Structures are given as C-alpha cells and as structure tokens.
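Peer 1: Protein chains in written order, with the numbering used here: chain E, 1 to 272; chain H, 1 to 272; chain F, 1 to 272; chain U, 1 to 272.
Be aware that one or more of the hints could be misleading.
As the list claims (entries may be wrong) - Here are some of the chain U residues that sit facing chain H, going by a computed Cβ distance under 7 Å:
| # | residue |
| --- | --- |
| 1 | K82 |
| 2 | A86 |
| 3 | H124 |
| 4 | E156 |
FYI, nobody ran anything at the bench for these hints, they're computed from the structure. In this text, all values refer to a predicted model and were calculated from it rather than measured experimentally. No residue lacks a Cβ here, since even glycine has one placed at the ideal position from N, Cα and C.
There are 4 protein chains.
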Amino acid sequence: MLAQPRIVEEIKTRPVEIGPGLSVGGLEVILMAGPCSVESYEQTRAAAEAVYQSGGRVLRGGAFKPRSSPHSFQGLGLEGLKLLRAVADEFGLLVISEALAVEYVSAAAEYADIIQIGSRNMQHFPLLWAVGETNKPVVLKRGFMSTVQEWLLAAEHIATRGNERIILCERGIRTFETATRNTLDTNAIALVKQSSPFPVIGDPSHATGRADLVIPAARAAIAAGADGLLVEIHPNPAAALSDGEQSLPLAMLPYLVDETKRIALAMGRGII
Amino acid sequence: MLAQPRIVEEIKTRPVEIGPGLSVGGLEVILMAGPCSVESYEQTRAAAEAVYQSGGRVLRGGAFKPRSSPHSFQGLGLEGLKLLRAVADEFGLLVISEALAVEYVSAAAEYADIIQIGSRNMQHFPLLWAVGETNKPVVLKRGFMSTVQEWLLAAEHIATRGNERIILCERGIRTFETATRNTLDTNAIALVKQSSPFPVIGDPSHATGRADLVIPAARAAIAAGADGLLVEIHPNPAAALSDGEQSLPLAMLPYLVDETKRIALAMGRGII
Amino acid sequence: MLAQPRIVEEIKTRPVEIGPGLSVGGLEVILMAGPCSVESYEQTRAAAEAVYQSGGRVLRGGAFKPRSSPHSFQGLGLEGLKLLRAVADEFGLLVISEALAVEYVSAAAEYADIIQIGSRNMQHFPLLWAVGETNKPVVLKRGFMSTVQEWLLAAEHIATRGNERIILCERGIRTFETATRNTLDTNAIALVKQSSPFPVIGDPSHATGRADLVIPAARAAIAAGADGLLVEIHPNPAAALSDGEQSLPLAMLPYLVDETKRIALAMGRGII
Amino acid sequence: MLAQPRIVEEIKTRPVEIGPGLSVGGLEVILMAGPCSVESYEQTRAAAEAVYQSGGRVLRGGAFKPRSSPHSFQGLGLEGLKLLRAVADEFGLLVISEALAVEYVSAAAEYADIIQIGSRNMQHFPLLWAVGETNKPVVLKRGFMSTVQEWLLAAEHIATRGNERIILCERGIRTFETATRNTLDTNAIALVKQSSPFPVIGDPSHATGRADLVIPAARAAIAAGADGLLVEIHPNPAAALSDGEQSLPLAMLPYLVDETKRIALAMGRGII
C-alpha cells in the first residue's frame, strides 16, 4: 500500500464576491474580457456583445490610458468610463476598469464594479490605501518586475485599510526573453494559491503580447490554478488604438472559451 | 454567423521515436521520471518500480553530476550509468541520461536510449556536434538564460550534423523571482509548438525547485502544449544527495499521473 | 598617420540649475547626501553637518516613506519635511525630497528645492504631469524594472507639461544577481549622456544595497559620466529605521568625497 | 576628530603572473586587446601593431568561434591559433585565446600564454578541470547568466585541480535591458575585489555590444577596481566577420588608453 502522500496542494483561497451570486475563487473560473481602451460606442458594444454571447459576465475596458510615450493615445477619460458602464448595462455585465491614481478612485468606484490597480502601480502605496478605503472588489495586478512576496505585501497595504475583497492578477513578468512581451509566471499562480487567501486570475494578453499565444497561455494559467482570466479582445485588432497585437479578434472568443472550459473541467471547475 | 477565425495555433510538431512504438510529439504525453542522481541500486530500483507501476516507460537518472560547488557530490560516473541501464532493463524501461561533455557521448550512447544535453551546455557547441553525429534521440534542455531563438539555433547545430531526432525541454529560466528556483516559461512551450518541428517536454522539477509546486507546473506545461514531462522522484527526498527539495516522493507519482492525465485528456491526448 | 576616429562620445547634456550658481550637468559633479528617512532633529542635523563639512551643498532626506510592508516605519510625513528644511537652512544647504503622489507635490514644492520622483513611480504618469507643471528641478529615478527608453519617455511626460529641469538618476536595476540589492547600470549612464539632453546622477546606495560597495559604485558611476551622486548616510546605520545596511556612517563621507574627487578630476571635473 | 571608519574596501587580490615581470592584479592595469576572430594575417597583424604601439603587452584573438547560429562564420581553427602566435611573436606580445572544450586545451596551452574560458562555458566542469591541470594562467569569464557566487565556485573547480593562476573576467550579464547587448556589472567587480583572491578584469566590448560605449564602460570597470581590460579591436569593424558592432577601430585604441590611464592614475595605478 502506498504511504500517505506528504506533498499536496493546500489551496487556501477565500472567494471574493464581485456581483450577485458571482464570486472569484470559487467553483467557476471567471472570464473578464473587453478592449484594452474604450475607443467608441460601436467598438465597446461589439466587444460587450461578444462577451455576453460567450457566456461571460464581466466586461473590461480602459478609460484613462497613459502610455509609455506621451505622444500615444491616452484614452477617452471619464467619458470612456461612462460609456463602458452604459454598454455593460445593456447586456447586464459587470464592469472592471483601472483607477490609475488616487484622484481617479472615486470615479472608478462610481462607474465600475471592480477596480483594477495596474501593474506599474502595484507599489504606488497612496493608491493602495485609497482603494483599501472603498468597499469595491479590487484586482491587484502584479508589478511586472515584482516578486510574489512584494505582491502579497502590496495586497496587505490594501487589506490593512479595511478592504479584503482583493483579487490578484498575474500578468507576466519582465525577463530577458524578447520573443514574448512578458513571461507568464504560472509558478506564481500556483504559489499564491497555496500561500494566500486571495484568489488569483491570469492575464494571458499582457503575459504574451501576441494574440497567437493567448489561448495556450490562458489554458496554462487555469491548469496552474487560476480562478479567472482577464483578456483583451477587439472587433478589429489591426485598427486598435492600443495593444492591437495582443488583442483577440471577437470571433476567437468562443474558441478561447471552448479551450479553457476543457481545462477548467479537468480541474473540476466550470467557466463563466 | 461568426467570421472565420484568423488566429489559430498551428502546431508543426514532427514526432520523434524514442523506442519501439513510442514517440514524443504524438498523441501520448510521455512521462520520464527518476532520481536526479543515481545513488545506489536500491534507490534506483525503487524509483524505477514506481515509474513502471505508474504506467511510465522512461527512466531518468544522472550518473555524472558535476555541481556548482566542487565540494558537493559529483555522481557515481560510469558505474552509475551501467546501474541505471540494468535497473531499467528489469522493468523494460527506456533510459534517458546526460552526456555532459564530448568525451562522455559514447558511453551515453551505449547505455542510454535518449541522450540529454543539460541546460548549462545548451551552447557548448562541440557537444552539440558530437550528439549530432550519433543516431540517438537527444533531449536538448533550454539554457536557463537562453532565449527561444538561441535554443532553436542550438537545435540546428545538432540537426546540421545529421541527427534530427531532437526533443526540446523547457526547464525554467532564471529571472528576478527568488521564491522559486526558476520560472517555468509556458509561453516558450506554446511558441515552440508553433514555430519548430521539434517536440517539447517540460521539466517541472527544475522549473520550480519545490516539490509542492511540481504537480501544478506539470499541469501548466501540458496545458501549454508540452509533449512530455521530465520529473525528479526519490524514495526519500530528505536524504537525496542532490535536488532533494524538488524531488517528489515516490508515493506522489500516482497523483502526478492522475492530475496530468486529466489535463492531457482535456488536450485530446493520453499520457504514458 | 592614423585616420580620424569615427567613434567618440558626443555628450549632449544641458545643465540644470538647482540653486544660485549651482548646476547639475556642468563642470562640477554634485554630491547630494543625507538619511534615507528623516527620523529626528538630532539625526538629521548630524547628517547635514557632515554634508556641509564635506563640501556638499545638497541635503537629501525622506519624509513620506511607504514601504513594501505596511508594518514597517512609514516616515514622519509633513513634519519630517519641515524638519529637513529647517536643518538644511541652518547650514545653507539645498533640499531634495520625494513627492510620492500627486497630492504631495505642493508640499514638496514648498519645502524642497528639488523634487524627487521615486523608482516605483517612474511610470506613475499623473505624478509626472503634476511635477511637470511646477517650476522645480526634478530628479527622475529610473524604474528598477524600466528600460532606458522607457525612462527617457517618462522624462518626456514631464517635459511636455512645460518643465524641462529634469535630472535623471540611475539607481540600479533588478536582475538575477542576489549578492547585491540591485545592479548599477553604468552602461545606462553612458548611454543617456550620449542620447539625452538631461543630466544624470548615480545612486550608489540603492544600486548596491551594501555600505561596503557604495564607494566603488560611486567611482564607477562618475567614470561612466555621471553628473552627480545621491548617497544615503546615517549617524548610526545599525539603528536606522530604514536602509541601514546601505547607509554610510558619517565618518565615511570624507573618504567617499576623496575617492570620487580623484575620479572626477580624471574626468576633467570637480566635485562639490 | 573623526571616528575610525568602519567600512573600508579590503582588497584581497593576489596577483597572477602572466609573463616575465608582468602580473594581473598588481599596480598596473593590464590591457588585452585584439580582434574577436582571427580572420587573416593582415587583419591580425594590424591589430597587433596597434596594441604594441599603444603600449599594450597582450594580444587577444579567437581561433575557434562557434556561434549561436551554425550558419555563421566559425573561426579559422588551429591555423588561426598558429597565426595569432606568429603575429604576437613579431611584436613580443603575449597571447590570450579561448579553449572551447576539453579537446582544445592542449592546443591552447601550446600556442597561447593565457587560456580563456568563455562565458557560455563557465560551468562546463570537465573543461574547468582540464585547465586546472595545466600550469597556464586562466581567464575565467563570468557566465552571462551566472551569479557571483557561482562564478567563484567555478574558479574553485579550477583551483582544486592544482592551478590557482586564475583571472576572473566580468563581461556583462543578461538583463531585461535591450539598448545594450549586456549590462556591465561593476558591483560584481567591486565585490570580487573584496571577497576573492583572484584578480578581475573587465570586458567592455561584450558588456556593451556597442563601440560607442566601450570607452566609458572601460573607465567604469577600472574605477570599480578592475585589474585589466579585454577589448575587441578591428582594422575595419564594418567588415568584421564577428562582433563588428562592438569592435573599436584601431584608431580609437590610443583614446581608450588615454582615457583609462587617467582613471587608473586616479586609482593609484598605471596601465600597460
């Protein structure tokens, strides 16, 4: 007879409710998808419709989009956020959008259901404190050059202000490899599942930077234990004002759902 | 009606036969497992038996084990290789073992069925040329700080000498993260599947350096498209002369097989 | 006769005035030194006195010090900033201190002569825009995870708002090496000198994380072309509330000045 | 009166003699220069003449040059090594050249005065053991993916075989930065000076990959404490068969010597 195994995955995740009857970290893997930037009503509505038809319940979209270069498109701002909310309401979807500084938190809390903290802001502490004082679920993206320990400490900065509805998001780290935009760290997903109460989702779009790798990366994230996905989609990636090369065309979303559903089922979970 | 998808994974893999009726890169995900170092007959036989009972067909083991420090255990040498062969033959298993320099290639080719090129040797070109002149399948581990492009060029160094029976092995890359020994690069697995004819396997033991992360890493590798696994196991990891902290105890092997089989099935494959 | 050399360093630096008759980027290498955190009047005054006695003209000090862990010392806040100003005035020194978010910019502009943007905030764009609307010199630390190109683009985010008094600061990047806290990137210093109008200083304290390496790192930075140094010093490093292991004891400051002066002279410059 | 300083650089270097009256690690900084690859008699002689006229005493050159791609120029082999020796003898120069595998050690020991171990081979242990059994000075390049600790352990692999005439060479490490080929790690130079008996030289050519950064990188290396330089030069970099973009044209060598001599003097040393 085999001895009792000594090494098992001890999952410590405590689900975070993001909407009525909908939690991240429970049985269902949660799909969050939408455009990198909100560009127009037509573009956002087309993306929202694709999310809805694929069975997704959460629409992502960026309104304030400061970019590495000051000469690139910087987003529609508050108008973009309102537009995102209106389109989501047409389809009964939840909204996730980024608060990119303290002074944007109240708008994000008003129009979005989930507030995202971007990778570059993972250690912008005043912002962590500010979202820690809201009662909204927070998606905390890992800094692309932050260790898992720093990431969990950043989450603590939020939690110590009273808000424990934190969802971690692994979005790839910066390494020497240049064939992909970042390196998806599936080890980190597995590690967080064992050492933290916070659920963790994966962002295969930023983690690869290439649309042709998004689906395999999404599968790998779920197989490592991810509780959800945050995916960039666009009606016309070639014309996208940002991140076109890593956005899935809408027609690919059903394939993403189909492929990741198989992996979710293998993990004893569903996908929604 | 949905438009025709424009982005699909185009898998280019050409299977490599490693034994009668057994190929890497085909329908079956191939499990290769065994101790980091061959330490004794008893230890090696116990590992081989566990591989056999789990349905595995390939036994791994290191005979020549130079280590970062000259004061660490350096392996049993040729005697270790012969011992590995003898034990494998008891169970009808194939053998994979490393040739760590040109002068070891003939012994590896005599006693092993598959020759492994270690991560530190990925760009040791005379060794690549030497195994390129054998007719043995070669597992080419990715340098832990080599790009995918350098890895594929290293494979070409082998192939241009006449031996195209090359199996790539992603074993984790060195990054700034220190919670894990290396970072498993699942992006690279997916990329290689689309851009190279050579099958690719994953080594979740070196890619994590922690036994408690080996199973999730193995799942992630297969979900990204890996054609096999190379896993370190040991009857008594705490007493292992090398790599004990990342070796699975034998009793965990059935769990590894069970969990990875589910993912393999989700990918439309079996595991053996 | 030798052909005309084709490769010479073309230095493009445009000096930035930081006080009456004092510029960064000109003939003099500028020393900025002081404690990581302002802890008390006695500690700050002792550091200021050491700077003054060493011929330095700029006192650094942190007032708002959010740290990776929310349980570490977080700084004295506005009181710390006022204290720093008062002590600097005793010795006629200029003050450099960090504005860690948009809402801290006005206080920093009121009490400091030079506003520092921290490494973690290099791409916190609203903060870049806010300091871009002041008329204060800005020290822009390189993100420890940012490329030179991203760094120069971040400077452009400031400059496009009207403030071109930007001083870059190389403070080490995160790499796989763990023997030092960061890796000082002297290549980046040299590259910036040739490709940007902004002066660049080096921070040997964060770049090494070890007091015993601060002096050689300071020498290397100046030899690569740095226009100044930003150095952490403390009356009693062992008792420092932050960064003690990388702070020079005050008694070492004259040695630092002596060693770096020799290098500055070799570069045809002085140090002040 | 100032208290006794507690933090000083304690230099532990033990000089290694490389020729009659010529040591690395002593008062003189040693310049080693020459072409990446020996391509022809004319090219090698022109480089040797430039070294000689600049006061240098050591000629570098590669004879066996396997490259990442098997389709690139792979060197002249043994003929290249003989040619290098002959040209060096014309000018009374010492020769340093690489032994790229165990089977090349005897030829390198026969024709060169100093045997170089390349960066990719830093942990190719059989090669370390083989040069450890010669009585030649060995330049051990740091693996571009290796920590300082691994580097010093690699040196121990050589030393334990009886040869302690080891010279370390920092040649840049691989990081996320892509503006330069590698990142010169001046921290590592300073650290090795304090923690190892072996002298250390810098290779500003590989550490930058850009001819326009070679001179500032050479200055930084010496300011950090380097005992020598290993520099690639070429009569016509644009036509070089390898590494042209990082080779200094011969006409620049006097400028390199002039600039580094100033830094060496500031360090209390000469250059030869």
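Peer 1: Kindly indicate which numbered hints from before are broken by the structure, ordering the numbers from low to high.
Peer 2: 1 and 2
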